[in-house]
Every structure is written in structure tokens, then in C-alpha cells.
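Enquirer: As a plain string of letters, each chain reads:
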Amino acid sequence: MAYVAVKGGEKAIDAAHAWLAEERRGDAALLAVSVAQIEAQLGRAVDRVMAEGSLYDRELAALAIKQAQGDLIEAAFLLRAYRTTLPRFAHSQPVETSHMRIERRISAVFKDLPGGQVLGPTYDYTHRLLDFGLLEDGAVAPGPASAEGLEEMPRVPDILGHEGLLEADGDSGGDPGDLTREPLTFPAARDVRLQALARGDEGFLLGLGYSTQRGYGGSHPFAGEIRMGEVSVEIEPAELGFAIDIADIVLTECQMVNQFKGSKTVPPQFTRGYGLVFGFGERKAMAMALVDRAMRAGELGEDVTAPAQNVEFVLYHSDNIEATGFVEHLKLPHYVDFQSELQNVRRMREAAE
Amino acid sequence: MKGYNFAYLDEQTKRMIRRGLLKAVAIPGHQVPFGSREMPLPYGWGTGGIQVTASILGASDVLKVIDQGADDTTNAVSIRRFFARTAGVATTTATAEATVIQTRHRIPEKQLREDQIIVYQVPQPEPLFRLEPSRIETKRMHGLADYGLMHVKLYEDIARFGQISISYDYPVMVNERYLMSPSPIPAFDNPKMDMMPALQLFGAGREKRIYAIPPWTRVRSLDFDDHPFRPINAAHPCGLCGATDAYLDEIVTDNHGGRLFVCSDTDHCAERRAAGHAGLQEAAE
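Those sequence lines, one after another, are chains A and B. Residues in the first sequence are numbered from 1 upward in steps of one, following this note's numbering. Residues in the second sequence are numbered from 1001 upward in steps of one, following this note's numbering.
Any given hint could turn out to be false.
Claimed, not checked - Okay, the calculated beta carbon distance ranges per label pair:
#1 A:Ala189 - B:Phe1161: 41 to 49 Å
#2 A:Asp71 - B:Tyr1004: 20 to 28 Å
#3 A:Asp137 - B:His1256: 56 to 64 Å
#4 B:Gly1162 - A:Phe222: 53 to 61 Å
#5 B:Gly1088 - A:Gly241: 39 to 47 Å
#6 B:His1256 - A:His317: 41 to 49 Å
#7 A:Trp19 - B:Gly1088: 25 to 33 Å
#8 A:Pro307 - B:Gly1162: 53 to 61 Å
#9 A:Gly174 - B:Tyr1004: 28 to 36 Å
#10 B:Gly1088 - A:Tyr216: 51 to 59 Å
#11 A:Ala32 - B:Glu1011: 38 to 46 Å
#12 A:Ala18 - B:His1277: 37 to 45 Å
#13 B:Arg1218 - A:Gln93: 37 to 45 Å
#14 B:Arg1019 - A:Ile249: 32 to 40 Å
Read the hints as simulated data drawn from the structure, not as lab findings. Where a beta carbon is used, it is the ideal one built from N, C-alpha and C, also for glycine.
Construct the complete structure from the given sequences, taking the supplied hints into account.
Expert: Spelled out as C-alpha cells, the structure:
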């Protein structure tokens, strides 16, 4: 009986998982890729998974990538589901990106500036030619001396801020919101918006940021500064009364500087769009800064017409764990609903005849 | 399960959800925002229902999980295993034996009792979302009980098709105050919600909303005096148990248009067959 086919779900699930494990391992004649190798050699993938997984742990991110066979959204999901079970010991002090140990720092608005331009380990000027040499494991010539010893570099927005040409950095005051504990409500303050963007899908933000450059909510951006490097994370335990350094993490920060014509109450000045992500995630940080600025349209008295300016639209659709779950849930059985639609369409066709 | 709290969620999170549930029960049909957690199952696959179930489950509870009315569909199997593993509770497929029933897309055929709780998995808690996508707007509409938009939609259906074209997730009015999504159950199941003796809880994980219908609450499917609500079902008896009052799945049996109509509620069907009822088992045209 065909009906029997829907039985046996339990066995089918077990068989599917066994097949998956075998496929994940691949050809057993080859060495298994180690988590340490992924962590060391697929660093950009690790960075992305940490950013979208909202958990800074390179080893666990590498493990998730291995477990997910390189499916980075699946890996971020694994990390998120783990993260949510972790107890919270403390909240960190705000990290000081002005004290960042710079590995990369560029500004598109000043030719030279204190600290200079530091390209760092960038793909920017590589010619995108497949390097067939990488088919073989070859020795790599040592790079130049690391950036250590570079002086502390002021942030470009601070340079502009001295003259009052750039709006002050807003402090929303009070404790920052936390989307992972409290549901999103509107109007959503900028701290919550930035949190959502920092966790958001790189591809989605890239598309939205791009749309603002093509006329859907343009904001005339300049890349004031992009910097990447290590910062210290500090907590201040109540029983100690002073801050202690608990970790160093790599961050990428992007400060977009955007034209603003001013209003009746505000003189013409530049406005900010801000991007900050875990790891080396320049594309995401830049897109985030564009979208952050676009979502400030309402607050700055600009017309809200484009998708990137619609706070509700952006925030409800930027999370790829939510998105992938709901899009993919369509493969779950829907035969009860489909059956009611079938009967409905049959009934309507009868009525129409 | 080692390393995890009873029923997976930590007690603080359960308490937060229970507070949401209490508020939801106090305001029948009203969507209560809650701090939905990231679960080890994907959003859209029952994370809201799972969080509600996890926060109400006790060690002595007996859990039944159904998807499309069946205990053996893959996602129902997966969720049942999740709780068997993380809470160690007894599970059952028998509706009458369960104290908590988590469901996706169906309400069991057997009348539920006052000592039972049914937990619905909800993909989209906002009944107005197809008409107004902005939650800022729909929140205002609920506040003002401004449901004209939905009535106009139903009226337009009648004007265009001669009938209301919604066949599942058919909007209901709870306690004559809040318009509510019954979750994507077939409209056939809507009448079961009305004055149900069991507590009905709804969890939407991705959308971070909880809502509830207390026992013995009036739940009315929207309609008009001259176009009364009509539940839809296939005009066949069940091919396996002969039931004429149960919701039916349509099974394709061959490549020549053969169809078999069988109960979607597998426990109901098995119970009837055990009691000696038999269907014709014939593929209907």
C-alpha cells in the first residue's frame, strides 16, 4: 500500500545521518582535514562564521565548519545553537578600537595621515589569477616583519571631529540592548540595529549596501577609515572594582563618512555610518556601515523610500539563521495544507462551471 | 542529558517563557513578545513550540508530537526524540494518553480534555501579515481592534470567487477581541478550537511571539451572516478505517490518477481499525 511509504521516519532519519557522516569524511584514502588546519588556513571562513554565529572562538568556528562540510551558514547555526546555552559571567567594557594593534588601516579620504596607510594582508591588489602553484604544497616565503611596533593610530573620524565637520558619535546612554535576550521592538535604537547588522548575513548586507550606491537610498559615502587588528577585551568584576584584560580579539571596523546638507537646526556636516565585525571581515564591515547610515534616514530627516532605509525590513530579514530556517522549512511536509488547498480549488472550479 | 538542563532550556529561560505564557493566557489571542532562544533545531521547524513545550514539561508528563496529524512524520520524530533525549519524559502516540501534545498543522480528531495541553508550532503569528507586512502597523491595528482590512479581504474573496478562498490558517476571533492565526491548521480543524476543554498554547520562535487560548474560550472563525464559515474536507470516507468525520490526506497510488483518501490523524485511524472499523482500501478516482 502506498500509505506505508510515509511510515518509517525514524529509520530513515538514522540512515540519513549515517550517510551524511560518511559523506562528510569523504574519500577515506585521503587524510582527514583537521580543525587546526581549518583554523589556520581557512581564516576568512572562520571569521565569517564567528561573526554570523555571534561567538568569538576560532577553534569552535573551525569545528563547526568541519562539521558542516564548509557550509558557512550551517556552521554559523551550529555556533549560535551552542552559544545560546552558555552562561553569562560578565559584560565587557566597550572595546577601544582607537587602541587597536593595527594590522591594516586605510583611509580613502586623506592621502596621508598620522600613522599612515597600512595595507596589511589584503587581496585588494592581487590579480585574480588562479595560482596553480597552490595545487602543490609549496613553501611560502616569509612575509615582511609584522605590524608590531606601529604607533597607535588615531581614528580618522576623530581627526574630522576636531573641526566639528563630523557629527558627534552618538551615545544612546544606558545599557545597550541585546537581541539575543529581548525580542526586537520598534522603534529600534541604533545599538540594537548595529547588533542585528553585526550578526546579519554578509550577502544580504552586501546587496542592501550596494543598492544604496545605485540610487535606492543613496547617502554619498566615503570610506573614512577601515581598520583591522587586535583589541583587548576587558571586564570589571564588581568584587575587584577595576578592569582586567580577559582576551584579545581581532575586529574589523569601518567608519563611513557621509554627506549631509544640514537642516534648520543642524549646520552642514558629515554624518556617520558604522560597521564592526569579528575577525577580518572588511566586505561585511563596509556593507554594514552603508546600511547603518541608510537606516538613519528617518532620524536625519531624509525621505525613507528605499529598502535599505526601512529599519523594520532590514532588521527582520538580515539574520541568515532565521532566514535559512524559514526558507528551508518549506521542505517539511505540508500535505495537510496542500490537501485543503486542493479541495478548495476543486470546489471553486466546480462553482465556476 | 549530560551537560544540559532538563528539557534543554535553562531554568531562567523557562521562567521567562512561563511569564510570557501567563500573560498570554490572561489576554486570550494577544501576541506576547518573548526572548526566543536559538534552539538546536532550525527556525521554522518548530522552535517556538519546542520552547513552549520545554518550559511547561515536567518529569511525569507524557508527550505526543505530531506533524500533519501523524506521529511518524520525520520532523515529529525528530522533536519527540529531542525531548526523549533532553528531558527523558515518556512519549506516546495515543492522543488520550498524552498530557502535552505538540502539533504542527493539525488538531487531533479525538476531543481533548481539561488535563491536557496542546502546543501549536506557529510559523507566522501575525494574522494580518499578508495584508499588512509592517508589524508596527499591525500592532496598532490589534490595539484598536481595527480588523476592517481582514473583513474587506474576505468580502473581496466572495465578490471574486463566490466564496472565501482561505483553506488553512483561517483567521479566528478569540474571545471577541483579538484576531488570531490558528497556525496553518486546515480550516476543518478551526471549530475544534472553540470552547476546547484543553489549554491551547502557541509558540512562534523565529517571530518571537507567544499566544494562548485558555480552556473554554470562544473561538470564532470569521465569516458573514450570508456566507457562513464552511470547513473543507475531501468528500470521501477514510480508505483504511472508513471514518467520514475525520480530516483526510490524499495519497497518490499510481500513475493513472488513482487516489486513496486516508485519515491524516494516524492515531485516530489506527484506533478505529483496532476497534474493527474498516475502509474500502480502494483507490478512488
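Enquirer: Next, verify each hint and record whether it holds.
Expert: Tested hints:
Between alanine 189 of chain A and phenylalanine 1161 of chain B the beta carbons are some 45 Å apart, a value that agrees with the proposed interval 41 to 49 Å. For the pair aspartate 71 of chain A and tyrosine 1004 of chain B, the beta carbons lie near 25 Å from each other, so the given range of 20 to 28 Å is met. Distance hint check for aspartate 137 of chain A and histidine 1256 of chain B: the Cβ-Cβ separation is about 60 Å, which falls inside the suggested range of 56 to 64 Å. Here the CB-CB span from glycine 1162 of chain B to phenylalanine 222 of chain A is close to 60 Å, well matched to the stated 53 to 61 Å.
Against the hinted window of 39 to 47 Å, the Cβ-Cβ separation of glycine 1088 of chain B and glycine 241 of chain A comes to about 44 Å, which satisfies the hint. One distance hint, 41 to 49 Å for the beta-carbon pair histidine 1256 of chain B and histidine 317 of chain A, holds here, with the actual separation near 44 Å. At about 28 Å, the beta-carbon gap between tryptophan 19 of chain A and glycine 1088 of chain B stays in the expected band of 25 to 33 Å. Taking 53 to 61 Å as the suggested C-beta distance range, the pair proline 307 of chain A and glycine 1162 of chain B does not conform, at roughly 38 Å.
Checking the proposed 28 to 36 Å range against glycine 174 of chain A and tyrosine 1004 of chain B shows it holds: the Cβ atoms sit about 33 Å from each other. Our hint of 51 to 59 Å for glycine 1088 of chain B and tyrosine 216 of chain A holds, since their Cβ atoms are close to 53 Å apart. Checked against the hint of 38 to 46 Å, the C-beta distance between alanine 32 of chain A and glutamate 1011 of chain B comes to roughly 39 Å, which is consistent with it. Taking the beta carbon of each, alanine 18 of chain A and histidine 1277 of chain B are about 39 Å apart, inside 37 to 45 Å as hinted.
A beta carbon spacing of about 54 Å between arginine 1218 of chain B and glutamine 93 of chain A contradicts the range 37 to 45 Å that was offered as a hint. A hinted range of 32 to 40 Å for the beta carbons of arginine 1019 of chain B and isoleucine 249 of chain A is consistent with their spacing of about 34 Å.
Hint compliance for this structure: hints 8, 13 are broken, all remaining hints hold.
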